[in-house]
Structures are given as structure tokens and as C-alpha cells.
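The task is simple: from the sequences and hints, build the whole structure.
2 protein chains.
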Amino acid sequence: MTQAVGLPTHPRDVRELIRRRDFTGITAGVSPGYVQANLAILPKDLAFDFLLFCQRNPKPCPIIEVIEAGKIEPSQTAPGADIRTDLPKYRVYRYGELEAEIEDISDYWSDDLVSFLIGCSYSFENAMLDAGIPLRHHEQGSNVSMFITNIDCVPAGMFAGPMVVSMRPVHHSKIVKAVQVTSRFPNTHGAPVHIGEPHAIGVDDPTQPHLGDALAFKDGELPVFWACGVTPQAVAMESKPPLMITHSPGHMFITDLRDEDVAVL
Amino acid sequence: MTQAVGLPTHPRDVRELIRRRDFTGITAGVSPGYVQANLAILPKDLAFDFLLFCQRNPKPCPIIEVIEAGKIEPSQTAPGADIRTDLPKYRVYRYGELEAEIEDISDYWSDDLVSFLIGCSYSFENAMLDAGIPLRHHEQGSNVSMFITNIDCVPAGMFAGPMVVSMRPVHHSKIVKAVQVTSRFPNTHGAPVHIGEPHAIGVDDPTQPHLGDALAFKDGELPVFWACGVTPQAVAMESKPPLMITHSPGHMFITDLRDEDVAVL
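Here the protein sequences line up with chains Z and H, keeping their order. Those letters in the first sequence? Residues 105 to 369, per the numbering used here, in order. Those letters in the second sequence? Residues 105 to 369, per the numbering used here, in order.
Simulated from the structure, these hints should not be mistaken for lab results. Remember, it's a predicted structure, so these values are computed and weren't measured experimentally. One should not assume that every hint holds.
Identical chains share a label here; the pair holds if one copy fits it or two copies do between them.
Unchecked claim - When the alpha-carbon atoms are kept at most 30 angstroms apart in a straight line, the in silico DSS-like pairs for lysine-lysine are as follows:
#, residue 1, residue 2
1, K175, K163
2, K193, K175
3, K148, K163
4, K344, K322
5, K175, K322
6, K175, K344
7, K175, K148
8, K193, K148
9, K278, K163
10, K163, K193
11, K148, K281
12, K344, K148
And the structure:
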């Protein structure tokens, strides 16, 4: 992945630009090689059940870091950062309804809020590209295809719902390699959840996604499905919490972790 | 590892014996190939911080399953089991002081308690034996050596403290293999935390353990250190919770998971 034009490379410097609102765009391609994260902020009384939901469903909900109530710094993955200002765009939901899309959530902040940073697919997509596996949604300049499956997540408290998956067409000659390289990244969704019979997971037509964009298949390509970070947000939203704040789609939090820091083996 | 004499193989059948108090011994060698777990039971108001502590310190505190307040069944890893009766021996602590060692905790149970099952080293020890790496504490018929290191766990809420590690002497010709095979088991402590310079982690003399038994070294063997499941219990105990229930040392909970179920790659 090439570096976004005109931006510094190190996440600390990029976050500084974001905090000053000198950069408010999507973060795809920004600080290549560093781990980016989805954000979900919830009131403290829901935090145990949500953390437990993530623990029970590590493929769609891999926790990168949790910031306790009363704190605003992701001290393990981005020392010095401020979770209220250092994402380029946020969404604020009240009882499951979108209330605002803003570049700073300081006005919504209270010491009652717990912030969850959840792994995203960029890390394993870099590994796929490095392994010579092309990504159709990059080639098309579109979003990845996503499907709501018939796979139930393991519930926790009020949190329950189906697993959402992303789909990438992979040539049959590259499927084994795709499993191998993504298996190294269990903290960013990891190995595929399905190969071979889309109907079995509730996907009738891999060319007709439920979310995101349709992707063209080439000869010899099969649909390969990975757990998707949309899952925890969708599940949390279903519970209609009094307040929930997330990143705006594509506007992720950029940590100081390198992709290799979250790889196994 | 050979099967304990006279016991059935499947964990479900062993738990049935334990529940009837027909088996109250240590579980080493029982149901070989199945995952065993450490137990820590805490009041609900400490559960979020303890779960977060485990999430932040996955090497010493790998969560196998959490049973919410009000429930007694580890439904994901041992359907039908009862956490109050299906371990051969428990310890009950009040404000950090041992109050009782008993075979059934039903009298102490309340709907306010959350149960944590935490991975133990048996799974990766089986993998080491399969890989031809001898285990000195098995040969000696003793406990493994344990040390309280100078490595601070990442704190969460009231939970903080040093990492406890176990030590196994490994011949230099087998050290690479020992790293490889244990790396496959991140949910049961995984790869070593240290090789090569014990002083660097606060271990002055590898033959003088802080806990457990001393192990003899043979020519060409080095001390290799793994994160130890004693860590979360020691840390929780330090916080002197009003009630904490654990397994009695060596008397683990036997799940229905096979070792391979918790392996990566």
C-alpha cells in the first residue's frame, strides 16, 4: 500500500494533524504498516457485557485496547493520543439513531464512557498484498463486499446477533496462501470463517452484497469470507444503548502498533 | 501423557465422577488431550476490571470462558457442567485470607458471582512432549518451578502486580522447537516470555524457585520461562476481594475442548 500523498508516515504525527483538523479524510493508505482500529464507545454499565461479547467472538470482535471510564488515552497502543479528538470523523448514536457526524466528540464526553478499539482488516490485507494476492476492492476503488450471515455470534448479556463477514474473490491457486497469511493476524480478524459453500452461511449470491460494494469475479476465483468489524457495532446498535459513539466508516483510529506487533508466528 | 488409571477418558464422564465426589484428586494426566482450566470466581462488581486485566495480559491470563453472574454452566466449553460441583477441590478466600478448602461450593454460591476459566500449561506441555522435548518436572514427579518476575502486568482498575512465570530446563538443541510448538497455543500461555538472561526478568538463580519445586539442570540445558496462570490469582488476591473462589492447586476444571481446538495454525 502506498503512503497517502502529503501526509507524514508516523501515526503520532498523523494524529496531531487530525487533532488540529488539518486532516479529516478516510484513513485507508495512511501510515502504511501501522495497525488501524474501529472505535466503539459505550456507557460503563454496558461495558462488561460488551467486553465479554468481544471475548466470546474474537474473529469479528478482536480487541486491540480498552480505555476505562474516566480516561481518554489509549496508553498501550498510542501513548499521548486523545480518543476524543484523534479520529478524523465520528458518529454519535442515541438509542440506536444517528444524531451527529462530527470531527471532535469532546462535547459528548463524560467520565462514564468506556472506549473499545477493535481490530480492522487493513493489517491482514497488507499481508495478502505482500503475498501476491490481489484485492479486487482496491483495484475497483470500492468498498469490500459485506454479508449478514446465518452464523449467530455467541451472545453476552444484551448483546446478540449475526456475524457480518467481508468477502474477497481469491483465485483458487491463492486460497491456501490466503488462509496462511491471514491466520497470522488473529487480532485483526485472522483466518477466513468460510470457504467453498456460501449458501451454508446464508449467502445466496456472492455478487450481491448486503453491505458495501459488489465485486467482479474473474475466471477461477472463489468467494472467501472473513469476519468483519462491522459485527460488534451492528450488534451494539441493536441493543439501542442511550449513547454510543463510533468512528465514521473508513475514518479509523491509527495506533502506534506495527502490523507485525499483532501477528502470531 | 498417559491416562490416569481407572478413570474414563471423556471429560463429561470425569466431571460426573467428580460431581458425585467419586474422584477428588489432582487432574494432571486426566482426560489427556483435553484442555484444562484454572478457575477464579469474583463478585460481579470486580468482573469488568478483572476481565480487562486478563485482556491486557493475555500471556499469563488467557481467558478460556467467562460465566456471567447468575449462571453456573460453562456452556461453550463444557455444556451440562456445573461450575459449583465439577472441580475436585476448591479454595475459598475472604479478603485475601484462605477460609476453606472444599469439594463443593454450592453453599457459597450467589447470583452475584462471575466465574473465569483461564488456560493452563497442560496443553502446551502435551505439545512439547509430542515434539520430543522432555519435561523435567514430570521426570522428577514434582511441580514446575515458578518465579515472581520484575515484569509488571498492565494494570486494570484495582488489579496490578508482577507476572509470575514457570520455568522448564530445555536443551539448547530443542529451544527453537520449544518456541515453535508452544507458540501455537496462545490461549494456554503460548510462547515463552523469556530465554537467555534470567537476571533481566528478576530471576537471580533458576535453581531456586520462588514457588513450586526446584528442577535439576542437565548439561547443555537453559532455563526457559513461560507466563504462568498463577499470575491472575495472585493479582486478584492482592486486591483482597470480599470473596474469591479458586480451584485448589492441581485440581483443575476439565473442559470438552481438545488441545487442538485452542491452537492457532
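Here is what the structure says about each hint:
{"no.": "1", "hint": "K175 - K163", "result": "both (27 angstroms within a copy, 25 angstroms between copies)"}
{"no.": "2", "hint": "K193 - K175", "result": "within (20 angstroms within a copy, 40 angstroms between copies)"}
{"no.": "3", "hint": "K148 - K163", "result": "both (24 angstroms within a copy, 26 angstroms between copies)"}
{"no.": "4", "hint": "K344 - K322", "result": "neither (41 angstroms within a copy, 62 angstroms between copies)"}
{"no.": "5", "hint": "K175 - K322", "result": "neither (48 angstroms within a copy, 50 angstroms between copies)"}
{"no.": "6", "hint": "K175 - K344", "result": "both (24 angstroms within a copy, 25 angstroms between copies)"}
{"no.": "7", "hint": "K175 - K148", "result": "both (12 angstroms within a copy, 22 angstroms between copies)"}
{"no.": "8", "hint": "K193 - K148", "result": "within (23 angstroms within a copy, 35 angstroms between copies)"}
{"no.": "9", "hint": "K278 - K163", "result": "within (22 angstroms within a copy, 33 angstroms between copies)"}
{"no.": "10", "hint": "K163 - K193", "result": "within (25 angstroms within a copy, 34 angstroms between copies)"}
{"no.": "11", "hint": "K148 - K281", "result": "neither (41 angstroms within a copy, 44 angstroms between copies)"}
{"no.": "12", "hint": "K344 - K148", "result": "both (15 angstroms within a copy, 23 angstroms between copies)"}
Checked against the numbered hints given earlier, the structure breaks hints 4, 5 and 11 and satisfies all the rest.
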